[in-house]
Amino acid sequence: MKYLTTIGLEVHVQLRTQSKMFCGCSSEFGAEPNTHVCPVCLGYPGAMPVMNREAVRKTIITGLMIGSKINEFSKFDRKSYFYPDMPKNYQISQYDKPLCVGGSVDIDVDGGIKRVAVTRIHLEEDVGKNMHFQNTSGVDFNRAGIPLMEIVSEPEISSPEEAFAYLLALKQILLYAGVSDCNLEEGNVRCDVNCSVRQEGQNEFGTKTEIKNLNTFKGVLNALKYEVVRQVETLESGGNICQETRRWDVDTGVTIAMRSKEYAHDYRYFPEPDLVPVVTTREQIEELQSNLPELPRYRRERFVKEYGIPEYDAAVLTADMSVAGYFEQAAKLSSNPKAISNWIMTEMLRLLSEKELDIRTVMITPSALAGLVKLTDDKVINSNSAKEVFAVLFDKGGDPNQIVKEKGLIQVSDSGAIEKFIEQAIADNPKSVADYLSGKEVAAKHILGQVMKLSRGKANPQLVGAILEEKLKVEKQKKNG
Amino acid sequence: MSFNVRNMTVHEALSLMERRECTSEQIIRGLLDEIRAVDGRIDAYLMVNEDDAINQAKAADRARAEGKKGKLLGVPIAVKDILNVRGQQCTCASRILSGYVSPYDATAVARLRSEGAVFVGRTNLDEFAMGSTTENSGFKVTKNPRNTDYVPGGSSGGSAAAVAGGEAIAALGTDTGGSVRLPAAFCGCVGLKPSYGRISRYGLTAYASSLDQIGPITKDVTDAAVLLGTMAGWDEMDSTSVKIPVPDYMAGLSGDLKNMKLGLPREYFVKGMDPEVEKIVRAAVAKCRALGAEIVDVSLPHTEYAVSTYYIIATAEASANLARFDGVRYGFRIKGASDPIDMYGKTRAAGFGPEVKRRIILGTYVLSSGYYDAYYLSAQKVRTLIRRDFENVFKQCDALLAPVSPTVAYRIGEKTGDPLQMYLGDIFTVTANLAGICGLSVPCGVNKEGLPVGLQVLGPAFGEEKILRIGHAYESAST
Chain A
1 MKYLTTIGLE VHVQLRTQSK MFCGCSSEFG AEPNTHVCPV CLGYPGAMPV MNREAVRKTI
61 ITGLMIGSKI NEFSKFDRKS YFYPDMPKNY QISQYDKPLC VGGSVDIDVD GGIKRVAVTR
121 IHLEEDVGKN MHFQNTSGVD FNRAGIPLME IVSEPEISSP EEAFAYLLAL KQILLYAGVS
181 DCNLEEGNVR CDVNCSVRQE GQNEFGTKTE IKNLNTFKGV LNALKYEVVR QVETLESGGN
241 ICQETRRWDV DTGVTIAMRS KEYAHDYRYF PEPDLVPVVT TREQIEELQS NLPELPRYRR
301 ERFVKEYGIP EYDAAVLTAD MSVAGYFEQA AKLSSNPKAI SNWIMTEMLR LLSEKELDIR
361 TVMITPSALA GLVKLTDDKV INSNSAKEVF AVLFDKGGDP NQIVKEKGLI QVSDSGAIEK
421 FIEQAIADNP KSVADYLSGK EVAAKHILGQ VMKLSRGKAN PQLVGAILEE KLKVEKQKKN
481 G
Chain B
1 MSFNVRNMTV HEALSLMERR ECTSEQIIRG LLDEIRAVDG RIDAYLMVNE DDAINQAKAA
61 DRARAEGKKG KLLGVPIAVK DILNVRGQQC TCASRILSGY VSPYDATAVA RLRSEGAVFV
121 GRTNLDEFAM GSTTENSGFK VTKNPRNTDY VPGGSSGGSA AAVAGGEAIA ALGTDTGGSV
181 RLPAAFCGCV GLKPSYGRIS RYGLTAYASS LDQIGPITKD VTDAAVLLGT MAGWDEMDST
241 SVKIPVPDYM AGLSGDLKNM KLGLPREYFV KGMDPEVEKI VRAAVAKCRA LGAEIVDVSL
301 PHTEYAVSTY YIIATAEASA NLARFDGVRY GFRIKGASDP IDMYGKTRAA GFGPEVKRRI
361 ILGTYVLSSG YYDAYYLSAQ KVRTLIRRDF ENVFKQCDAL LAPVSPTVAY RIGEKTGDPL
421 QMYLGDIFTV TANLAGICGL SVPCGVNKEG LPVGLQVLGP AFGEEKILRI GHAYESAST
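These protein sequences, in sequence, are chains A and B.
Just so it is clear: in the first sequence, position 404 is 404 by my numbering, and no numbers are missing.
Just so it is clear: in the second sequence, position 421 is 421 by my numbering, and no numbers are missing.
There's no promise every hint is true.
Derived DSS-like pairs (lysine-lysine); straight-line CA-CA distance at most 27 Å [as the list claims (entries may be wrong)]: (1) B:K261 to B:K346; (2) A:K75 to B:K395; (3) B:K381 to A:K97; (4) A:K431 to A:K379; (5) A:K79 to B:K395; (6) A:K129 to B:K258; (7) B:K335 to A:K129; (8) A:K79 to B:K261; (9) B:K381 to A:K79.
Partner residues aside, some chain A positions facing chain B, computed with beta carbon under 10 Å [unchecked claim]: (10) F29; (11) P39; (12) L42; (13) G46; (14) F82; (15) M86; (16) V139; (17) C182; (18) I426.
The hints are simulated quantities; they were obtained by calculation from the structure and are not laboratory data.
Here a beta-carbon is modelled for each residue, glycine too, at the ideal position from N, C-alpha and C.
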């Protein structure tokens, strides 16, 4: 029997803001427990929330990036439930008037593109973090009140792999939008997933389970893979799926039932009376729309069209927005974007990862890279020297022309000079010449290497190759003649 | 001493200090003597911080000597124990907040402090401001200084009793459904409930966020104007406070009612109300006419739904507002609980009194899925109708005159067995909170047992100038 899988994702994203959602406390990660707290985010008697406008702005930007409709009238609601990490025992969230409605995220599936619809994006406050010690438990409220954006997808994802691709695509959009650092280690992105299976041909969805609080994308992938198999096996063996909340156990690689939905909370939503509605005007929305960063997918397509680079290059370059930005700056200054792309994809990315550097603060400027490409294209330096220059630029920055001059790397393309190097190499390496003449063509490579060595790498290799070929031909004729 | 703190008003205290006829320290010491003398009988205060008050007074006296100014420099104010004052307790008269010390000043308190006010002590209330008699306090029952067999009204009963009993020059209360106006009426002092958004609620422990307002309880209308002027105005910490300029309330106290049109809402003079109260209020209305006002009959047709609407909205908001009292971060925590949920249940069972529990349960019920539309949503719709009633009548007149309550103060224990009967006593006051308008309670006489009756002046939203002018003119003509 063949089964179809249906998955929906709720992705919670911490927004990058200076302060928390409803108070002035810092939203910085990693401080000593309970040092970024105040009467508001600790839920002290009498304290009141004040909305963080930057968080609202970033949520709207996210909505615009994925084509949501922005609600000009939005509001906050209280969601009530008791838990020690919740200072007020209600969370300020959004119920029936979220900031953004609708939209979609395109994902790569089997060489094609699938459009996954998004139901809504709403804004809420994060909760604290429970810590368990040997005999006691504690709560760190530094996280309580950090702006949290919840992006809810439609149940249109049909495999764990698609869910993974959706998360990657979403993360890329969020990074491009500059709304979140999406730092998974710091818990910036956390997912709840809904999953059900049904037999092919059956129209209505199967009973779904929810797996809560997955904080890595791999975790989502693996938990879903396990859950799909578990559900199919349960049905195959004649069992029923319970509508329940489950938890992913990383260590054992299984999902475990937490609580049944029958005892689901009644959250008793009602409008937050301590806040006024969020009104966003048409003009404000248009203003944000007109300053919106380009979607990664569009940038990828544009790079192929505008710079004539291969699809593969465009994908690698646009994976990270700052790399893409760097490429574009350099490519604009160059007549050879493919060479720029090659430099970035090979040397640059390798050195960045080796030295754990960020392309935004790297010493080599885009114009220096464009200059280096021009020096190579104009045959002023050869590719060996270019690598040497790149290394200097990467470490210290500066002007490639200057470096070439200082290091005396200008390529020797004077055939007289090259002929002298070749004659000397032939004289110094009689064995190689003899090998060549006896039919070992590879011996010519060795001689060429010797020529380059004699020129201290500066000889134009194409020219060396051509002249050397001529010279060897002459030697051959001499021998045969 | 050439002065008497028992009857001293804020403006009298200020002019005495201004003329160097007495110091703030002398006033505070006099007040502390009064408290020692009578509070054992009245139980208005939950806590009096003698040393701290004397130190604040000394600082105020030094500031005055140095030529510093302040609208309330050296004036002692008693504060309802639901408003946060930095370094002081804020129990809300609930055991669940025992041990809690406030780390911050409420905005209203901070504004009084920056004008030099001195904070004497914390006054009793119905637990979390839920009640109309101050019998629901988790600590003690405050008595009416006019006759200690009677309740002072509530929930700001401690503040009203302290002012009426000569134990405070002026006090702060909070009014969610009449909690400033009712005790002011029962004790014979002036109580002002400003329009919603006029004074920041930041630091007022929320009972019902969309209804709560801080208000002064004073010996005369002038003092109410002084305190309102100091506390009013937009506050970035309270998003529901309103950016409307604060007028000079004192300047509006002209003493006459010429060109004023005052409405008498027929729904506020109903069968079943105490005939003596009605007679006294109608006499006050006649006096206003004599002062130059034109009196017109008006109607607020949705008044009969106000009490049920109020109890749905107030309890719904309260059920969420009081959820934070869980024993985790501050206040009382039960010992020996097995897990967090067990701890919540036991802490809250032991920490809250019966009226608070009743309202939390009621509020939880009206917000429950399946009941939300029938209760909370309907109540919000009726609330809009009540607000429109007022908008309509304020097109016909400047302000309304009405009783504060259908009766005078109850005997202690008289209504505690029947909460519904007690809720109905709020019939003339909850409307102002539902509509967000302002209301003033001014003493207008006593019944034959000597229990005070209050005249209620209701004005449009942000029409405090008008109701203070009316209250002041009436008061000036009656004394």
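A quick look at each hint next to the structure:
Pair hint K261 of chain B plus K346 of chain B does not hold up; C-alpha atoms about 55 Å apart against a cutoff of 27 Å. For the suggested pair K75 of chain A and K395 of chain B, the alpha carbons sit about 31 Å apart, so the restraint of at most 27 Å is broken. Restraint check for K381 of chain B and K97 of chain A: the C-alpha separation of about 18 Å stays at or below 27 Å, so the hint holds. At most 27 Å may separate the alpha-carbon atoms for a hinted pair to count; K431 of chain A and K379 of chain A exceed this at roughly 32 Å.
About 39 Å separates the Cα atoms of K79 of chain A and K395 of chain B, which puts this hinted pair outside 27 Å; it is violated. Under the criterion of a C-alpha separation no larger than 27 Å, the hint pairing K129 of chain A with K258 of chain B is inconsistent with the structure, at around 63 Å. In summary, the hint linking K335 of chain B to K129 of chain A is supported, as the alpha carbons are separated by about 23 Å, within the 27 Å threshold. Straight-line distance between C-alpha atoms of K79 of chain A and K261 of chain B comes to about 46 Å, which puts the hinted pair past the 27 Å bound.
Distance check on the hinted pair: K381 of chain B and K79 of chain A sit about 22 Å apart at the alpha-carbon level, within 27 Å; holds. At a threshold of 10 Å, the smallest CB-CB gap from F29 of chain A to chain B is about 22 Å, leaving the interface hint violated. Against a cut-off of 10 Å between C-beta atoms, the interface hint on P39 of chain A holds, since the closest Cβ of chain B lies about 5 Å away. A least Cβ separation of about 6 Å between L42 of chain A and chain B falls short of the 10 Å threshold, and the interface hint therefore holds.
For G46 of chain A, the suggested interface contact is upheld, since its CB lies about 4 Å from the closest CB of chain B, less than 10 Å. For F82 of chain A, the interface hint holds, the least distance from its beta-carbon to any beta-carbon of chain B being 6 Å, beneath 10 Å. The restraint placing M86 of chain A at the interface with chain B holds, with a minimum CB-CB distance near 9 Å, inside the 10 Å limit. Of the supplied interface hints, the one on V139 of chain A holds, with its beta-carbon coming within about 7 Å of a beta-carbon of chain B, less than 10 Å.
With its C-beta approaching chain B no nearer than about 30 Å, C182 of chain A sits outside the 10 Å limit, and its interface hint is violated. The interface hint given for I426 of chain A is violated, since its Cβ lies 86 Å from the closest Cβ of chain B, which is over the 10 Å cut-off.
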